[in-house]
Every structure is written in C-alpha cells, then in structure tokens.
Amino acid sequence: MRRMGLEHDVQGASDTRYVDYASKQLADDSKPVGSGSGAPTGRGAHSSRMGHGERSFFRSAGMKSVRGALAGPSAGTDVDGRLKRRGSAAAMEDLSSDKRAEKAKRLRVLKTFLHDAEAKLMGRMVDAFTFSMRNGVPVQPFELPLKPILQYAGETIKCPYSERHFKRYLTNASAFPLCACVVACVVVVAPAWCLTSDTLFSRVMAQFQGVATC
Amino acid sequence: MLKHLFWYVFCYCFQANTQDLQERLLQLVSRDYVVLLDLVKKNKDYFFETYPYAMAFAVCTGYHFFVPGSRSRFTRAWRLEVYLLVCRVLCGMDVCAVTVQRMQETLYPEEVRRPFLPSFAHLACAGVNSLSFGCVDV
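Chains as they are written, first to last, in this note's numbering: chain V, 21 to 234; chain H, 4 to 141.
By construction, these hints were calculated from the structure, which means they are not laboratory data.
Quick caveat, the model's predicted, so the values are computed rather than measured.
Errors might be hidden in some of the hints.
Chain V is nowhere near these chain H residues, computed Cβ spacing over 10 angstroms in every case [claimed, not checked]: (1) L29; (2) Y36; (3) V38; (4) F51; (5) C94; (6) V98; (7) C99; (8) T109.
Derived DSSO-like pairs (lysine-lysine); straight-line CA-CA distance at most 27 angstroms [to be verified]: (9) V:K167 - H:K6; (10) H:K44 - V:K131; (11) V:K123 - H:K44; (12) H:K6 - V:K131; (13) H:K6 - V:K140; (14) H:K47 - V:K119; (15) V:K167 - H:K44; (16) H:K45 - V:K167; (17) V:K178 - V:K123; (18) V:K167 - V:K119; (19) H:K47 - V:K178; (20) H:K6 - V:K178; (21) H:K44 - V:K178; (22) V:K167 - V:K123; (23) V:K178 - V:K167; (24) V:K125 - V:K178; (25) V:K119 - V:K178; (26) V:K123 - H:K47; (27) H:K44 - H:K6; (28) H:K45 - V:K119; (29) V:K131 - V:K119; (30) V:K119 - H:K6; (31) H:K45 - V:K123; (32) H:K6 - V:K123; (33) V:K131 - V:K167.
Pairwise CB distance ranges (calculated) [said to hold, decoys possible]: (34) V:V157 - H:A19: 18 to 24 angstroms; (35) V:R120 - H:S73: 22 to 28 angstroms; (36) V:V159 - H:D41: 27 to 33 angstroms.
Idealized CB from N, CA, C, for every residue including glycine.
Let the hints inform the model, and build the full structure from the sequences given.
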C-alpha cells in the first residue's frame, strides 16, 4: 500500500529515516524557488537517486507545494498542516511498531526460557514421580514455574476481539431487544391478529376460495 | 490455580486410584476460581469464554516443556482431552469436543500446528463420547 511515502515494508527503520528526510525536503520545497536554501529542489534533482515510491511522493506532494508556494501564501499553511499530519501518522506507526517489537522480544525471551528448561529436563517422565498431599497441602514432585507459563499463554493467545469490536458488539446487543420487538410484531403478531380477526380472516378465505362469505 | 490444575490433570491421566486426591485438588481449584472471579470486574463475557482455554493451554505447555521425557504421550488426542477436562471443570458442564477444537484453533493456532503429533480427526468426528471421563463434581 502506498500512502505518500509512509508505506511500511520490511525495512521499517529505513522508512522512518526516509520520512524525516522527506519531511525536511518537503519543507525546503515549500519555500519559493531561489530563496537561497542551497538544497537542490525540483524533480530533476531527485529523480536520479529515487525509487518509484519516492518519485510519486515528490510528484504528488512536493511539486504541488512548490507550485502552491509560487501561487500564494495560503498554500503554505496547507503544507504545514500536511506535515503535521504526516508527522503524527509516522509517530503512531513507530509506536505500534515499537509495541510489536516489544511483544516479539517478550515472546522470544519466554520461548528461550522454556526451551532451555526443556533441554535441561530431557529425562523427566511422568511415570517417574508420584503426587501426594499431606494435611491438605499438595506435595509437588517438582516445582512448576507458573509465571513464565502463564505469560507465554497470555502472549500466545490470538484475541479475536479488540476492545473496539467488543464495544460495538455490546452496542448492537443493547439495540437488539428493540429490533427483536419490531420484527416479532411484524412477523408473528400481525399474521396472528389477521387470522384471529373474523373480518380479515373471512376476507382472506374469500379471496382463496372465490366465495364471498361476508 | 494453574498449579492445582496441572496436578489434577496429572492425577487424572497418569496416576491410578487417586479419586480422593482429585477431589481435594478440585476443591483447591474451586477456591482459587472463586477468588479470581472476585477480581474480574469487567469484560466478564470475554473472561468466561477464554479463560478455560487459556488454562488448558498453560497446562499443556507445562507438560510439553517441563516433562519432555514423556512427550510421546502428549498427543493431540491427549491435549484435546485436557482441554475438555479443564473446560468441564471451569465451566461446570461438558463442552462439545468440536467446539473445544474450534476454540483451540482460534485462540491458540500454535497449539494445533505443533509438530510430530498424530491426527485426531476421528476424535473430533466421534465427539465427546469417545473420551471416557470420571465423575467430576464441580
């Protein structure tokens, strides 16, 4: 997915650097041409070193900003707002990637711990020990490291609902009784009333039988 | 609770003539569960739906990594039996084997993808009747 130079691929870190670089270049481009910035501006200066995504980025945003700067001062605020939005978006994506990295690191540490324990206990078999209780207190044949196991279970679980989905589910559930009442009235109560009412019932029967009974 | 459930599964599956021990362990599990339920204040639906499977996964993980010498006995059929047993203890009723298997696949796909374990499709088809359980009073 290409979103104005903020696309994420396997090179997450280089993307972050690229965003900073692109924002700087865009800020330079927003100045009027010949203002003395010293940096090369314009499409020709970048095209030789840029890939397709970068070219499209500068073609769609940078060149517009140059034209906008030449056209008048009102376009400058637009560029600033766009830069702020991009900065906040990049910060959000960095935060989520940081969270992902932290989670992957935690999982890696837990798996390393579990595999190390497994390697040390290769000869342990279920038939080798017996569980018992004394005075209501369990006597464990071996100590089970509960915390890493529970952490591993918590990290591995695939949560099918986000909090947002959960709220929406609750909202729909709260709206359900009203909808159910309306549907029940239309589907069940109305036909039942028609059938039990003498007049309507006789009219319906007359239509079916072709005989006017009323 | 995980500790008591772990040893309850051990007594149930690998230690014969332990009805008394199992009952005592179930009492400890129920005591821990009551304490835990007091702590849960919100998202109770999600908790009740997910927690038994998380505990079953934790028990299976404990056996997988901390009793690796008998790993040949921890087949997928045995894992399913543990899931059914833990769900039965924590939910207070029998849960259909196919339901348990689906939830297991949804919540813990890694558990299903674990290697060198034979298929247990016949168990899923046969349902809960193919698994023999003792009497569990919850």
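Results for each hint:
With 10 angstroms as the threshold on Cβ separation, the claim that L29 of chain H sits away from chain V holds: the shortest Cβ distance comes to roughly 12 angstroms. With a closest Cβ-Cβ approach of about 15 angstroms to chain V, Y36 of chain H is found to remain outside the 10 angstroms limit, as its non-interface label requires. With a least beta-carbon separation of about 15 angstroms from chain V, V38 of chain H lies farther than 10 angstroms from that chain, consistent with its non-interface assignment. Under the 10 angstroms C-beta cut-off, the non-interface status given to F51 of chain H relative to chain V holds; the minimum distance is some 14 angstroms.
Here C94 of chain H stays apart from chain V, with its beta-carbon at least about 18 angstroms from theirs, past the 10 angstroms limit. With a cut of 10 angstroms on Cβ distances, V98 of chain H stays outside the contact zone with chain V, its closest approach being about 17 angstroms. Separation of C99 of chain H from chain V is adequate, the least Cβ-Cβ distance of about 19 angstroms exceeding the 10 angstroms criterion. Residue placement check: T109 of chain H does not keep its beta carbon more than 10 angstroms from all beta carbons of chain V (closest about 6 angstroms).
Between the alpha carbons of K167 of chain V and K6 of chain H the distance comes to roughly 11 angstroms, so the proposed pair stays at or under 27 angstroms and holds. The suggested pairing of K44 of chain H with K131 of chain V is violated, with an alpha-carbon distance near 31 angstroms, which exceeds 27 angstroms. The straight-line distance between the Cα atoms of K123 of chain V and K44 of chain H is roughly 26 angstroms, inside the 27 angstroms bound, and the hint therefore holds. Note on K6 of chain H and K131 of chain V: the hinted pairing holds, with a Cα-Cα distance of about 20 angstroms set against a maximum of 27 angstroms.
Proposed proximity of K6 of chain H and K140 of chain V is supported: the alpha carbons are some 21 angstroms apart, at most 27 angstroms. Of the pairs offered as hints, the one joining K47 of chain H and K119 of chain V holds, with about 26 angstroms between alpha carbons and a cut-off of 27 angstroms not exceeded. A hinted pair counts as satisfied when its Cα atoms are at most 27 angstroms apart, and K167 of chain V with K44 of chain H qualifies at roughly 22 angstroms. A threshold of 27 angstroms between alpha carbons decides the hint, and for K45 of chain H with K167 of chain V the separation of about 23 angstroms falls inside it, so the pair holds.
Our distance criterion of 27 angstroms between C-alpha atoms is met by K178 of chain V and K123 of chain V, whose separation comes to about 13 angstroms. Between K167 of chain V and K119 of chain V the CA atoms are separated by roughly 21 angstroms; this keeps the pair inside 27 angstroms, and the hint holds. A C-alpha spacing of about 18 angstroms is found between K47 of chain H and K178 of chain V, which places the hinted pair at or below 27 angstroms, so the restraint holds. A C-alpha spacing of about 23 angstroms is found between K6 of chain H and K178 of chain V, which places the hinted pair at or below 27 angstroms, so the restraint holds.
Between K44 of chain H and K178 of chain V the alpha-carbon distance is near 22 angstroms, which keeps this suggested pair within the 27 angstroms criterion. Restraint check: the Cα-Cα separation between K167 of chain V and K123 of chain V comes to about 16 angstroms, which is no more than 27 angstroms; the hinted pair holds. About 19 angstroms separates the Cα atoms of K178 of chain V and K167 of chain V, which keeps this hinted pair within 27 angstroms; it holds. For the given pair, K125 of chain V sits about 17 angstroms from K178 of chain V by alpha-carbon distance, which is consistent with the 27 angstroms threshold.
Pair hint K119 of chain V plus K178 of chain V holds up; C-alpha atoms about 16 angstroms apart against a cutoff of 27 angstroms. Between K123 of chain V and K47 of chain H the alpha-carbon distance is near 25 angstroms, which keeps this suggested pair within the 27 angstroms criterion. At most 27 angstroms may separate the alpha-carbon atoms for a hinted pair to count; K44 of chain H and K6 of chain H meet this at roughly 24 angstroms. Distance restraint check for K45 of chain H and K119 of chain V: the Cα-Cα separation of roughly 24 angstroms lies within the 27 angstroms cut-off, and the hinted pair is therefore satisfied.
For the given pair, K131 of chain V sits about 18 angstroms from K119 of chain V by alpha-carbon distance, which is consistent with the 27 angstroms threshold. Between K119 of chain V and K6 of chain H the alpha-carbon distance is near 31 angstroms, which puts this suggested pair outside the 27 angstroms criterion. For the given pair, K45 of chain H sits about 24 angstroms from K123 of chain V by alpha-carbon distance, which is consistent with the 27 angstroms threshold. Among the hinted pairs, K6 of chain H with K123 of chain V is consistent with the structure: their alpha-carbon atoms are about 26 angstroms apart, no more than 27 angstroms.
At most 27 angstroms may separate the alpha-carbon atoms for a hinted pair to count; K131 of chain V and K167 of chain V meet this at roughly 13 angstroms. For the hinted restraint 18 to 24 angstroms between V157 of chain V and A19 of chain H, the CB-CB distance of approximately 22 angstroms keeps it satisfied. For the pair R120 of chain V and S73 of chain H, the supplied restraint of 22 to 28 angstroms is violated, since their beta-carbon distance comes to about 36 angstroms. Judged by the Cβ atoms, the range 27 to 33 angstroms given for V159 of chain V and D41 of chain H holds: they are separated by roughly 28 angstroms.
Of the hints listed earlier, those the structure fails to meet are numbers 8, 10, 30 and 35, in rising order.
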